[in-house]
Amino acid sequence: MNEPIVFKRSVLIGQLVLIQLLVPPLVAIGTLYGLTVLYDVNFDGEFRTLAVLVAIIAPLVMKRPEVNALTVLPRWGSIAASLVMRWLLLLALLFAIGYATKTSTEFSRRVVLTWAVVTPLPLIFISIAFNEIVRRFMLAPSNLRSAIVAGYNEVSIALVERIRANPGLGIRVEGFFDDRSIERLGLPEGQDLLGGLSDLPATVHKHRTDLIFIALPMRQVQRVVDLLDELRDTTASIYFVPDIFVMDLIQSRTADISGVPIVAMCETPFQGTRGLQKRVMDLSISLLSLLVLAPFLMAVALLIKLGSPGPVIFRQRRYGLDGQIIDVYKFRTMTVVEDGPRVKQVTRDDPRVTPIGRFLRRYSIDELPQLFNVLAGSMSLVGPRPHAVAHNEEYRRLIKGYMVRHKVLPGITGLAQINGCRGETSKLEEMKARIEYDLEYLRQWTPSLDIRILFKTALQVLGDRQAY
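Here my numbering = 1-based position in the sequence shown + 48.
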């Protein structure tokens with residue numbers, strides 16, 4: 049649900065939204081002013097202009113989603129990671145403006161650099177404190193809203209389980225209404241079953257129920273219409289829960305096209321600003337990595353050239369975003385450069401692997417040229433690993449949902465890799481496990497998940513024994 053159903057509509061919602069909009073620019077400007085005082089720099093001219101830009105841009109870039117249980121009660125790590133990503137985006141925009149107007153050199157570098165590094169700390173602290181205040185309000189017993197569910201089935205059971213597992217939603221589920229008997233439903237006597245569907249309207253009137261979830265199958269559309277008619281004179285909020293959610297959905301969400309409601313059943317997680325966040329992180333980290341690693345990369349290239357005949361860089365066609373074929377770059381680690389209709393996977397002690405190639409593969413150094421793929425936009429730092437075209441054509445026929453992984457850019461590393469799914473996939477079950485991790489990444493993506501994957505990848509490279 050996108051609507052903040054946990055709150056009774058009041059002035060408080062407006063206050064919360066206003067605070068969320070004002071905190072980032074106020075903290076950023078306050079920190080900037082404090083640093084000019086600390087470093088004995090006049091807060092005038094260019095710094096006042098910078099403060100005005102922050103006041104205009106920060107509420108747009110740093111604003112959080114609308115207030116609801118999922119956005120005001122996240123984990124502290126999620127808050128911190130989200131703020132850092134949005135702060136980097138704000139800095140990138142300010143830098144672009146300074147570069148375009150040729151005014152970036154007019155600022156005190158010591159003040160600006162300190163400001164860029166220090167500001168996220170008070171932002172994170174204040175945001176966490178704000179969320180804790182909201183948490184206390186939302187979990188207060190007086191704020192709970194009562195709910196009942198029409199229909200007892202897989203969808204309604206899953207809905208109630210999720211509501212009860214997340215007390216931050218502020219919903220107290222009283223039970224179910226269904227025309228089938230307790231014996232037919234297989235329920236312990238009296239457990240959660242409050243009566244038949246015909247009893248529901250009277251119960252709503254008597255107990256002034258706040259929320260009603262209708263989870264009847266689509267084939268019972270007339271029963272749904274009749275039930276809505278019977279509930280017209282109540283003040284309860286009514287939500288229809290379609291039974292399509294028993295299916296495995298990727299980034300499901302509701303929306304509308306010119307007023308016509310639609311439900312996304314399989315969608316990329318990188319819509320709108322989320323895609324921009326992802327791209328900013330990819331560009332900044334890949335560019336910095338290439339600058340730092342340039343001497344090392346040249347040394348590796350020289351060793352490959354001296355070690356065996358053939359090109360330094362191996363290019364292989366693989367499927368990228370939306371199934372489009374891309375060229376993926378790697379340091380050549382073998383005596384062959386296979387990229388045809390049949391590609392034999394590398395096995396342990398494979399004679400095709402060169403001595404220097406074995407070392408490069410052992411520590412995943414052969415993957416580093418893919419930073420250029422990231423820079424060019426054909427790959428991401430984190431995402432499903434791209435497979436050779438020949439392997440794709442083989443596995444797409446054997447594994448259900450295989451091609452869904454291509455709804456995002458392929459990555460240098462991914463959720464599957466940090467969970468041990470690396471190296472040769474000699475069995476179909478091994479590839480299925482890898483694909484399931486890829487799809488889970490699409491379902492669960494957040495900026496903090498990318499950061500955790502990158503961090504775990506760096507630690508894992510040193511101790512991994514599956515790369516060969």
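Do not rely on the hints blindly, as some may be mistaken.
As the list claims (entries may be wrong) - List time: in silico DSS-like cross-link candidates among lysine-lysine, alpha-carbon distance up to 25 Å:
id, residue 1, residue 2
1, Lys378, Lys353
2, Lys378, Lys448
3, Lys378, Lys254
As the list claims (entries may be wrong) - Computed beta-carbon distance windows for the label pairs:
id, residue 1, residue 2, range
4, Ser285, Leu161, 47 to 53 Å
5, Ser285, Leu336, 47 to 53 Å
6, Leu497, Ala312, 25 to 31 Å
7, Gln492, Thr283, 34 to 40 Å
No lab work stands behind these hints: they were computed from the structure. Think of the CB as a built atom: it goes at the ideal place given N, C-alpha and C, for glycine as much as any other residue.
Verification of the supplied hints:
no.	hint	result
1	Lys378 <-> Lys353	14 Å, holds
2	Lys378 <-> Lys448	29 Å, violated
3	Lys378 <-> Lys254	69 Å, violated
4	Ser285 <-> Leu161: 47 to 53 Å	50 Å, holds
5	Ser285 <-> Leu336: 47 to 53 Å	49 Å, holds
6	Leu497 <-> Ala312: 25 to 31 Å	20 Å, violated
7	Gln492 <-> Thr283: 34 to 40 Å	36 Å, holds
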